[in-house]
Amino acid sequence: MTDFTYLPDEGLVDALIMEIADLLRRLIEHGEAGSTVLLRLPLSPSRLTLDHCLGQGEIAVLLDAAGRSTIRETSFPGVWWTTHADDTGRVIAMLIEVAFVPHIVRADIDDVARGCQRLPGATNAARRARRTVA
Amino acid sequence: MSSDAKAAAPPAEVPNAGQVAAAVRGFIADIGPTVALALSSCVHCGRCAEACQFYVQTGDPRYTPIHKVEPFRRAYEREVGPFAFAYRLLGLAPKITPDELARWQELIYDSCNMCGRCSLICPMGIDIAELVERARHGMFAAGLAAADFLGVLAEKEHATGSPFGLVRSQFEDMLHAVGRDHGVVMNVDKGTADIVPTVSSIDVKMYPASMAAIAKVLNHMGASWTFRTDGFDADNVSLTAGDRAGQRKITLGIVKAALACDANTVVMPECGHSFTEMRWEAANAFGEALPFRVLQITELIAEGLSVGRIRVNKVPHSATYHDACQLSRRGGATAAPRVILEALGVELHEMEDAGATNWCCGGGGGVALIKRAQPLMDKAFEIKQRQIEVTGVATIYTSCSGCRQTLEHGGKARNWNKTVASLLELVADNLKD
Amino acid sequence: MTLLAFARGPALQAALLIMIAGIFWRLAGIFLLPPRAQHAAPRHSLAGRIGGGALMIVSRFIPHHTFWPRVAMSVVLSTTFHLGLAIILLGGAPHILLIHQVTGLTWPGLPKGLIVISSGLTLASMIVLLIRRITHPVLRMLSTVDDYLSWLLVFLPVLTGILLAGETIGGYGTLLALHILSVELMMVWLPFGKLMHGALVFAGRWGMGMNFARKGAAT
Amino acid sequence: MDDRETMTETLCAMLARRGFGRRSLLQFAIAMTSSLALPPSVAPVMAANLAKAKRRSVIWLSFQECTGCLETLLRSSSPTIDSLIFDFISLDYQEALMAAAGDAAERTLREAVAANKGQYLLAIDGSIPIKDGGVYSLTGGRSNVEMLAEIATNARAVLAIGTCAAYGGIPKAYPNPTGAVGVDDLVSGKPIVNIPGCPPVPEVLSGVLVHFISFGRLPDLDDRKRPLAYFGTTIHDQCYRRPFYDQGKFAKSFDDAGARQGWCLFELGCKGPTTHNACASLKWNGGASFPIESGHGCLGCSEPDFWDAGGFYTPLAGGSPPGWRNAGIAAAVGVAAGAAAALAARGRAASARHKAGPSPEETP
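Residue numbers (this note's numbering), protein chains in the order written: chain A, 1 to 134; chain B, 1 to 433; chain C, 1 to 219; chain D, 1 to 364.
Hints in this document: simulated from the structure, not taken from any laboratory. Only a predicted model underlies this, so the values are computations on that prediction, with no experimental measurement involved. Every residue gets a Cβ at the ideal spot worked out from N, C-alpha and C, and that includes glycine. Mixed in with the good hints, there may be bad ones.
[Unchecked claim] Pair ranges (Cβ atoms, derived):
#	chain 1	residue 1	chain 2	residue 2	range
1	D	222	A	51	28 to 36 Å
2	A	129	D	17	14 to 22 Å
3	C	48	B	185	35 to 43 Å
4	A	36	C	82	41 to 49 Å
5	C	37	B	185	34 to 42 Å
6	C	83	A	53	54 to 62 Å
7	C	51	B	183	45 to 53 Å
Please work from the sequences and hints to get the whole structure.
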């Protein structure tokens, strides 16, 4: 697929860039986060083109939950390339998020509360684990 | 000649069923591929209307050329078309009614000069003028030829060989009288001759000088020639009336006369339809190629000029030339008159549309012989008048007595100071001694 | 059997066979009539007459200069319509494909954008032509059921074709079926009405060109 | 924890018990909204709804089928995040998967139906033969028609999985010896969701189930009862080769320069333009590819009667022309009829001439 002399969906890439620019303006003016889904777009060969256009930013977040996800800032601050994969590494969602911080990165209050409960016992838990290994 | 006809134009009478059947027979009698194709092709684009002087001048859609042959087309589709059975079965081309046929008389006769401008514009290549000529066969067969002068003259022509009923001896006397009047030697009914000139009955009645002019030119050429009283009047009113039998009789009369004296050339007078008939149809009536040439008088003169058999004096003056449709557009004799005018040193101011796309004088196709068509004809003439006035010249030459008569008539009605003249007579008057 | 399968199968076969039989029927019915022998000495040689016939096929696309002011509208509209139709028919890839399938001939197609523009122009010119036909006194008088039916049967394929290309209304399958069926209707009607001029125009011009060259008449 | 407790536990509690946080649910919701073509902003709502949702009973009946649908669904989903959905449904009856067999299996079915009356989702794969009283496919001595009628009566909704269940599929192909029909032909008065495809795209089933569980209703359907989110567009609409179609660039064979350039496969018989499915965007085998991307035209397997819709390699624009021989016969018939008409015309013209007198064309 890389030896394409002409990428048939370059027009689509242009359209996406326009949309992202629009989302960025809304983020700046109203503080509104937004996103656009890539996975169901007919982008096959030139997703690379979009990736190339947006480039690599300063920050990347690795999420290891039900599956592995990467949330990577592009060279345009506030524009995040999010890829959700399942536990076999298969991509199940791919989207461009436009936000100061992507929603999923923020810790959920219930999760924080549960963690808070767990924290005092953390040293004991760690010792227990070491003993088991030994 | 109008003064001679006594019959006033009766209104088109509604024909009976027998007449309608006869019309249908007349329409289909000589159907062939060309006509069938023409009748099958029309896409109703309406452009032919824009080429027709009667529509252009009146804006009446009935004068759309292809519409004029509508009964003909219906007869074709219904009787002899490829799907004739379906047309009859489903009533797709309803039978022509007597009423319709009566109404179409005006369209097929009064409002068509058979000038062929419509044939020139038709994107489908339909020769509408030819269709009208054939449609007239049906009308004539039904006894619906426009009844006044045209019908009367055609009838007399069919019966006697001359529209005015002149017999051979009268021709002979007249020719000798003309010879005497104009001081020219007339050859009449010689046993053998190379060239046999013919005349038009308009010449006989209105322009006898033109007969003297032919004689002058032929004598000047030193040609062996003779008028033949057994094949003399080429007018062929029958053709424009739609009388196929009469048309054939006149044509074959001339052919036989020319054969009788071993002629190698038959010269047609200053007349339109008679030329196309003799030049293109005579051989078909005869059944094989003719053993002689058929030339219109301007062609003969142009040829004579080019080989030096005819020498003329220069008579420089300004003039315009009116093309007869049948000679120029339809007959291919467009160049000859211009060659002659140049030889005479005439400064030719061509009218707009001269040559191929010229407008008819309004009298062609026998319309000049239909009294009730006069207002329509006058309307058509306005175009010609306008175009002539634009040239600014005082003299109009033409090589067709029919056109000449129509132009003179139209000019008279408008108190014109223009002179309408015969090109043949101009040549005859200016031959080098 | 789906509508599309019907359109592509039995309907296509029936329409093509009817069209072929009808065209040959009509041509034979015209050209097997007794020809009229021409005995008069022609002004031009056979080669000249053939040249005249060929020339007229081309020259009658454009009217004589003097007629222009009166027929410009008619000429421009019908030329646009016919040219547009030719571009669609001969340049549209799916059409070439069908022609290839039927005849084995093929050539490169034009971009769909061009085809869509042509369809739009064709459609627009057809609508104006129809309005003219209804409003112009000459055309209104001349027009028969054949004229309006033929118009409709050409209009429908162009319309369904443009909808198909745009894929705006209805599914591709339905539109394709309707498009093919509308073309088939047109094919069935072609030999029997004025649409036959597609074949007759060349014969007519050729014959007139030959005849006029024979006489040296103005062409 | 017994079954009854599992059925009442919320997904959130269950995930927490298994060590997953809210992020997992959100991750899943993002994947699902993306799959369902819902706006990404819906994901948090879906996640919240899912957190509160309960397990659903699913009864799966297999009729005249090849198990390809089930294979596809299982293989693609068992190790993936979609397996969450299997945590969230109770697959109470599936002959191929359940341990029970024979009378025990039949008893399980009866119990599941009784316990979840009016609430369970009925999934069907395979067509239903109705010819000769439905004798061509029986389970435990009962015909498919009979079982479907009975079990559909108490279902909340029926999911017809695969082209066979949706439209009759391959068993219905000409000459359809068993009289196979789809679910929709037999079941009335129940919401039906068709998920056609041979096999169907597994994500579509996940999407439909998640939509049903999180929003409590079935997703929007088209006129063929297919989820609009997946079947609203054609393969052609979503195809990355579409621009080549628009430019008129077509591969003429599977190995020509055009094919190597990735040109449109329309002329090689691709049925993309008439096929509604999500292959072009969701793709297959973990998003690896889909037929067109792998160089082969779409077969149109998710459309009714795809097996009988002309050859797989017959272009859509093409058809079955009558052939030269038939065309020749038609031409000959035409010429004969035309000649007969011309002959008749000659006769009529001659008789007209006879009555009208001699013509100028006749020789003297």
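To see whether the hints hold, each was checked on the structure:
1. Against the hinted window of 28 to 36 Å, the Cβ-Cβ separation of residue 222 (chain D) and residue 51 (chain A) comes to about 34 Å, which satisfies the hint.
2. Evaluation of the 14 to 22 Å hint for residue 129 (chain A) and residue 17 (chain D) yields a pass: the beta carbon distance comes to about 20 Å.
3. At about 40 Å, the beta-carbon gap between residue 48 (chain C) and residue 185 (chain B) stays in the expected band of 35 to 43 Å.
4. The hint said 41 to 49 Å for the Cβ distance between residue 36 (chain A) and residue 82 (chain C), and at roughly 46 Å that hint holds.
5. The supplied range of 34 to 42 Å is met by residue 37 (chain C) and residue 185 (chain B), whose beta-carbon atoms lie about 41 Å from each other.
6. Take residue 83 (chain C) and residue 53 (chain A): their Cβ atoms lie about 42 Å apart, and the range 54 to 62 Å is violated.
7. The supplied range of 45 to 53 Å is met by residue 51 (chain C) and residue 183 (chain B), whose beta-carbon atoms lie about 49 Å from each other.
Of the hints listed earlier, the one the structure fails to meet is number 6.
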